[in-house]
Amino acid sequence: MDVRKMLSQAMELPKSKLTGVHRLSELEHWDSLAILNFMALVDANCGLALSPEQLLECQSIPDLEDLLARAQSMSHESAHQLN
Amino acid sequence: MKARINSIEYYLPEEVVSSAQLAQEFPDWPVEKIEAKTGIRQRHVARQDECSSDLGFEAARKLFESGACRPDQIDFVLFCTQTPDFFLPTTACLLQHRLDIPTSAGALDFNLGCSGFVYGLSLAQGLIETQQARRVLLITAETYSKLLHPLDKSVRTIFGDAGAATLMEGVESGDNFLGPFVFGTDGSGAKNLIVPAGGMRCPRTAESAVAVEAGSGNWRARDNLHMDGAKIFEFTLKTVPLCVSRLLEKSGARIEAIDRFIFHQANQFMLEHLRKKLAIRPERFSLALRDCGNTVCASIPIAMKDDRDAGRFGANHTAMLVGFGVGYSWAATLARWPGEVLM
Chain C
281 MDVRKMLSQA MELPKSKLTG VHRLSELEHW DSLAILNFMA LVDANCGLAL SPEQLLECQS
341 IPDLEDLLAR AQSMSHESAH QLN
Chain D
983 MKARINSIEY YLPEEVVSSA QLAQEFPDWP VEKIEAKTGI RQRHVARQDE CSSDLGFEAA
1043 RKLFESGACR PDQIDFVLFC TQTPDFFLPT TACLLQHRLD IPTSAGALDF NLGCSGFVYG
1103 LSLAQGLIET QQARRVLLIT AETYSKLLHP LDKSVRTIFG DAGAATLMEG VESGDNFLGP
1163 FVFGTDGSGA KNLIVPAGGM RCPRTAESAV AVEAGSGNWR ARDNLHMDGA KIFEFTLKTV
1223 PLCVSRLLEK SGARIEAIDR FIFHQANQFM LEHLRKKLAI RPERFSLALR DCGNTVCASI
1283 PIAMKDDRDA GRFGANHTAM LVGFGVGYSW AATLARWPGE VLM
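For the protein sequence lines, the chains are C and D, in the order given. For the first sequence, this note's numbering gives the first residue as 281, with consecutive numbering after it. For the second sequence, this note's numbering gives the first residue as 983, with consecutive numbering after it.
It should be emphasised that the hints constitute simulated quantities derived from the structure, not laboratory data. Hints may be right or wrong, so weigh each one.
Simulated pairs of lysine-lysine, BS3-like, Cα-Cα distance not exceeding 30 Å [to be verified]:
no.	chain 1	residue 1	chain 2	residue 2
1	D	1019	D	984
2	D	1044	C	297
3	D	1019	D	1232
4	C	285	D	1258
5	D	1044	D	1213
6	D	1259	C	295
7	D	1015	D	1128
8	D	1259	D	1232
9	D	1044	C	285
10	C	297	D	1173
11	D	1259	C	297
12	D	1220	C	295
13	C	285	D	1128
14	D	1044	D	1128
15	D	1015	D	1232
16	D	1220	C	285
17	C	285	D	1232
18	C	297	D	1128
19	D	1213	C	285
20	D	1019	D	1128
21	D	1044	D	1173
22	D	1015	D	1044
23	D	1259	D	1213
24	D	1019	C	295
25	C	297	D	1232
26	D	984	C	295
27	D	984	D	1015
28	D	1015	C	295
29	D	1232	D	1220
30	C	295	D	1173
Owing to the predicted nature of the structure, the values given are computational and were not obtained by experimental measurement.
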């Protein structure tokens, strides 16, 4: 789960453009279409359907990493409970 | 008595809005970007004096002219739209008269969007298999263009107007041609695809017609269609794969045994994502929005008709139909073309 890689794919930018970037507001390509792309990539790579509200609350790339980690852990817990 | 689809015809209004035209209006979205994301090259748009009933009428006229049946053989009209000609009377009643369908026929409207066609098939099947009707004319027609703000590219790039007419008939047969069905509803998503003003809850006023900037450079008023694309995408990701699994479980069919997957033609980005997620081979998956856009309740019958004409959906083939969207509302079924039917 490489958040920076998915982020660069979502914005259709090379990953090198994210070097040194911390805050999402520094990324002019982080727009409504990029959010849709990111949701699709997270679903395809991690099997998680993130909510746009959760994504919009993220201020920084580490916030996105935390969100994904939490969503994955919740998903594992629900799978465990089902088993 | 078993219900089956006999034939489908559709009608697209003459006026066309191309992606190139939209790219001129919205310079931050080049034509390549619009077409790559939506999969849509052009959308047909109804004239100001052209309503859903007109599009449905033209589609039904084509169906009768094809020889599928005569108007006097129809004993029920089901009309699905969210943009009716009038609050009242019922548009299906107007169409009964205009199409010369006998006054002994039943007729009703139902208000659903992208799930409407599959719900219509279910209603028609119920009428036919309980022998309340022998031939049902299901018309699904929409003119969302009338609800869109001209400066809202998020919806103007996607939606197109269209009408489709589907003839459902009852035949004595041991075979099933339609079903099972699965349905779903979640009204908590109502606010994410809505026209806030214009009904009784919030009538149109001078104030409701005032457009405000709604983010990403889009403008809309409360009289216009509002779509939260990201919320709709989240709903789709969570709902459609489960809906497909439930249908496979209920029918006992394996996904490999389905010849054709005809989903509501929302936009190419969403459809391609769902196709890959469900591991459906591209040659079995319908994409029929390039020349007409997302036509809401008409999108599935348009795709079925195009597939049928192109030989992609032939005699005795089974198609999975999945409608999902505004409401939220969703429904899915399996439909089989009978071998001998004229299309």
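Hint check:
| no. | hint | verdict |
| --- | --- | --- |
| 1 | D/1019 - D/984 | violated, 41 Å |
| 2 | D/1044 - C/297 | violated, 55 Å |
| 3 | D/1019 - D/1232 | violated, 34 Å |
| 4 | C/285 - D/1258 | holds, 20 Å |
| 5 | D/1044 - D/1213 | violated, 38 Å |
| 6 | D/1259 - C/295 | holds, 25 Å |
| 7 | D/1015 - D/1128 | holds, 25 Å |
| 8 | D/1259 - D/1232 | holds, 20 Å |
| 9 | D/1044 - C/285 | violated, 52 Å |
| 10 | C/297 - D/1173 | violated, 37 Å |
| 11 | D/1259 - C/297 | holds, 29 Å |
| 12 | D/1220 - C/295 | holds, 29 Å |
| 13 | C/285 - D/1128 | violated, 41 Å |
| 14 | D/1044 - D/1128 | holds, 24 Å |
| 15 | D/1015 - D/1232 | violated, 40 Å |
| 16 | D/1220 - C/285 | holds, 24 Å |
| 17 | C/285 - D/1232 | violated, 39 Å |
| 18 | C/297 - D/1128 | violated, 42 Å |
| 19 | D/1213 - C/285 | holds, 23 Å |
| 20 | D/1019 - D/1128 | holds, 23 Å |
| 21 | D/1044 - D/1173 | violated, 37 Å |
| 22 | D/1015 - D/1044 | violated, 35 Å |
| 23 | D/1259 - D/1213 | holds, 18 Å |
| 24 | D/1019 - C/295 | holds, 21 Å |
| 25 | C/297 - D/1232 | violated, 49 Å |
| 26 | D/984 - C/295 | violated, 57 Å |
| 27 | D/984 - D/1015 | violated, 46 Å |
| 28 | D/1015 - C/295 | holds, 21 Å |
| 29 | D/1232 - D/1220 | holds, 19 Å |
| 30 | C/295 - D/1173 | violated, 36 Å |
Violated hints, in rising order: 1, 2, 3, 5, 9, 10, 13, 15, 17, 18, 21, 22, 25, 26, 27, 30; the structure is consistent with all others.
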